[in-house]
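**Q** Chain residues, written in single-letter form:
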Amino acid sequence: MMKSKADEEDYWNSSKFKAFTFDDEDDEFSRLKESKQAVNSIRQLVDDDDDEDDVEKVSWSGEPVGSISWSVKETAASNQRTDREPAFPKITTERPPLNKSQSGLSLSSLFKGKNKGGNLQSFTDTLGDTSVRLFAPELRKPKSEYKDFVSDWTPVETVQRLQQGKAVSLEKFRSLQDKLLLLDFAVAAHDGNVITAVLIYLKRSLCKEVLFRELESRQTALRHFIHYMTETRDQRLLLELLRSLGRTEDVALLQYKENKSIKDENKRRDFVKSCLSLPFSPEDSAHVQDHYTLLERQIIIEAADQRAERDGKMEIFQRFPRKAPILNMPLITTLYYCCLYHYNESEGTYSSPLNIRQTFKISEKQYFATVLAARAKLKAWADVDALFTSRNWLGMMKKRSPLSFQRVVDILQKNSAPTQVLQEYVGLVDDAELRISLAQKHKCHDIVINTFRDMKDRQLLMEYRKKVERGSAEEKKIDQLLNNVQIRWKN
Amino acid sequence: MAHGVRRDSPKVPDFSLLKRLARDQLIYLLEQLPGKKDLFIEADLMSPLDRIANVSTLKQHEVDKLYKVENKPIISASDQLCFLIRPRIQTVNKMLICKNKSLIICIFPVQFYACEAVMEEQGIFGDVTTDEWAFYLLPLDDDIISLELPEFFRDNFLAGDQRWVRTAGSALHLLHSLYGPFSKIYGIGRCSKMTYESWRKQVEEGEQRPRQAEIGSVFLIDRDVDFVTPLCSQVVYEGLVDDIFKIKCGCVEFGPDVTSSDKSIKVMLNSQDKVFSEIRNEHFSNVFGFLSQKARNLQTAYDKRQGMDIQQIKVFVSEELKGLKQEHRLLSLHIGASESIMKKKTKQDFQELLKTEHCLLEGFEIRESISFIEEHINRQVSTIESLKLLCLLSVTENGLLPKDYRSLKAQFLQSYGVDHLLTFSNLRQLGLLVEQQPGETLTVMESKVGKLVNDKTAGKLTDAFSSLAKKSNFRALSRKLNLVPKSDEEYDLRVPRDMAYIFSGAYVPLSCKLIEQVLERDGWTGLEEISRLLNGHEFAVIVDSKQENDADRIILVMFLGGCTFSEISALRFLGKEKGCKFIVVTTAITNSSRLLEALMDTPV
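Just so you know, the sequences run in chain order A and B.
At position 172 of the first sequence (counting the first as 1) the number is 172 in UniProt numbering, and the numbers step up by one without a gap.
At position 240 of the second sequence (counting the first as 1) the number is 240 in UniProt numbering, and the numbers step up by one without a gap.
A couple of the hints might just be wrong.
Chain A is nowhere near these chain B residues, computed Cβ spacing over 10 Å in every case [what the hints assert, rightly or not]:
id, residue
1, Glu339
2, Arg367
3, Leu481
4, Asn535
Some, not all, of what chain B presents toward chain A, calculated at C-beta under 8 Å [stated by the list, open to error]:
id, residue
5, Tyr113
6, Gln162
7, Leu422
8, Thr525
9, Gly526
Just so you know, these hints were derived from the structure itself, not from any lab.
For every residue, glycine included, the Cβ atom is placed at its ideal position computed from N, Cα and C.
Pulled out of the complex, with its shape left as it was, chain A reads as follows (with noise of 0.2 Å):
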């Protein structure tokens, strides 16, 4: 929390907040807005088109100058230098008298009133309060004077107090009965601010085992804890908790999570690989162990990668220089990232495409729709090509594909692959008027063309011979056909 001093200066020297005051640019501003108002208004009269400086004077403009949200923006972005000392935050020895006594008061100062505007006051009341009572007369007192002090109030108007953000003691509430029913009346109340209150104070003056036992069978008050250690971070009290409670997969789970704020790549993987032995159900087992192999080989291919960069010895990362590094991404981007940079590798390395589809057992469409994608961003139409092909029984070629072939056009389109390579796949959509639609949208007029002539539609085809270009070879191929005697058109 407490920073040294050479930390302070340091982060001085680079710090980005840089102070704006009102007077300067407000002035500056408002003498702009009058200036520019003066031009507008003889502009209004000359020039039909808005302008934007009307907004200005209107109520609908969203943040005119001088809006909150546009003035803190100014503090940062401003780049004027300040001469201000870094006169804080200065960590004194000396400290206020107050702040002693403090500690001593612990519960009590915590749950005091929060009468509005005077906390200081109220808590110097509250200590000058207890020094007299405390310390003074008590010898003299009858004990029951002193719980008088104390105050005597029951668990209902304890909570009711503390809903109300009145002053009250839970020190008084010593015995376990006394303070679990103090926690089902805050639960009563259905107020999670009070209910976390009692929390606080039971966590703090029970055995954790005790503590753990009551929360087992109060399932409101349970989560209210849990929520709070959340918060807190309060992360090796948690893991107990829901350990004593059985939940081993939420133990697991929240160990996992920590995975996630390690930067360090070498770190994080030894981390997941530590996760490996934690008590995740068998299904969550395997995806971390994914996570592991995933990280492990990122780790592999982006040092060898980064030196094949470097030594430009690969001409396709000059090419197609790459964008980020791949650590930690999700491994359908590691599959596009390797189809794109590593399409030919062997089998038998980390980085080759097939290597990856066999290690995490990738669907054969998920697979295909990543290759196509990468090798038509790489414009490799034959590789596209090849990924269809497939022989038949019979040795015949075929073009097969797990995908439907209208997303395998769709990503081909969204690749800008020229019309050739489209026609040729929008050709094999089965369904003929989707196959015509999306002729139609991609401009592959022969198989709008064929499509027709095979259902025998005259109109349709006289109709679409004005959308194509005149005296171009469709046109011609159009009139061919409309002229053959032999086609029995049905219309």
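Once you've looked at the hints, dock chain B against the given chain A.
**A** This is chain B only, laid out in the frame that chain A set:
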């Protein structure tokens, strides 16, 4: 309400008073620290603050410099610092280095004991003054009031922390003392019930001065009563603008692609904007037609100038031109926004997405929908959209078949990262994305049987399996409340028949349908089956049934956990139909992305 005669809609109470209250409170807090001071504002409080005050207000009260509280140490040359922050432990931790300064911390809207405990543990309790900026309600428009508590949803529904219940109760209490007394209170949901009780208690504690009521009935509803509606893609203009450009506190920033210039413009979107107020509730397919009609009218108005003499032109310029030009600007902005929406929506295969959503709502072609979702995931299209579809599938189908769940989850993790294991765990906890338990598969059969046999048999079958908590029972609810109109009928979106128009006629939002039904019946009588399917916690309290004045037609609907613009549009439609006016109070405006983002675990 009972007599469905159309009447003119009643006058809405003046909520600007709420803004004045918040501003006065703020000024009071600033004056606690006399003299020059620097003001630090938590980033997500800037927009709400902007709605009630501006820089000159702050300057008047000797605020020197303004800073955003960010993820870095706090540095200021001033000896007096004022902080406006939310009661978050992480933010409070940042205050700790501000020793030796006069410090006042204003907590929006309430302080929590947990934060005080942290301050005490760190030894700064008592050194700093903390106070509450009891700014409970921010009117975003004539009929929308927000509590500006986006964390309400996650805290309450995921973490099970009831810390905001009293705040919601206090907000209701404030409305009650300013615009009440309320005559009827209805509600459904656990949190609604608790909020109602908290409010009752506050009423008992305080005193109510007798006054003329301006608000008649109140309806409280938990967000988890209806997850289907906020998961659907919005197609009403205001909702679409929120989905795409993100409306913040009633203000949107249109980027260069909309303004067709090189800069962005921030625009307030509310009923003051004459163009927007006419299209905000329209189905997007009508918006273009409306805008072009408007453009033609504008042209005609401009053209009037031709053939005017000098005197007439003078009058025209001084009286009409300004209004016309303002309209011109608004019109070009909204046309720009619509174009940009069109572009984005065609690129994303929006039509296919909508089709899948409609299939899921209807319970039709589920296998095809699943493979659409699968492809969506495979292609690594937006994480949120894939999640949204998965959740919609789960909520409408009462969970996924184990085989589907495993395979979709595995593919999701492959596409978007294994870290999302945590997201899946959260979604399961909330019941948004679950695996069907063995035995539950019968409910799917039941819904199929229900279609074949009559409703009674289906009801009995449902009985047998409804003991399991956290089931959405969407199919049964949809059938009983008629949420999905028959698809063979044409739906004319220009002349909406019912609230289904907000989803292209495919689905009446469950939340709004419930409100309609309860108000019509003056309670839950006859809806027992429905409330049972919704896991109960319904209530109806008639405080005073005699009232028969305008206030009776002003109905306050409070959404605990957020509501969408589409729901607000649906309620506006309902209000027009029934001759009443709905005032929406919500913990925050939400949509599918905000809902799901709140459930993701972001790196700490």
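**Q** For every hint, state whether the structure bears it out.
**A** Hints, verified against the model:
no., hint, verdict
1, Glu339, "holds (17 Å)"
2, Arg367, "holds (14 Å)"
3, Leu481, "holds (29 Å)"
4, Asn535, "holds (16 Å)"
5, Tyr113, "holds (4 Å)"
6, Gln162, "holds (3 Å)"
7, Leu422, "holds (6 Å)"
8, Thr525, "violated (27 Å)"
9, Gly526, "violated (29 Å)"
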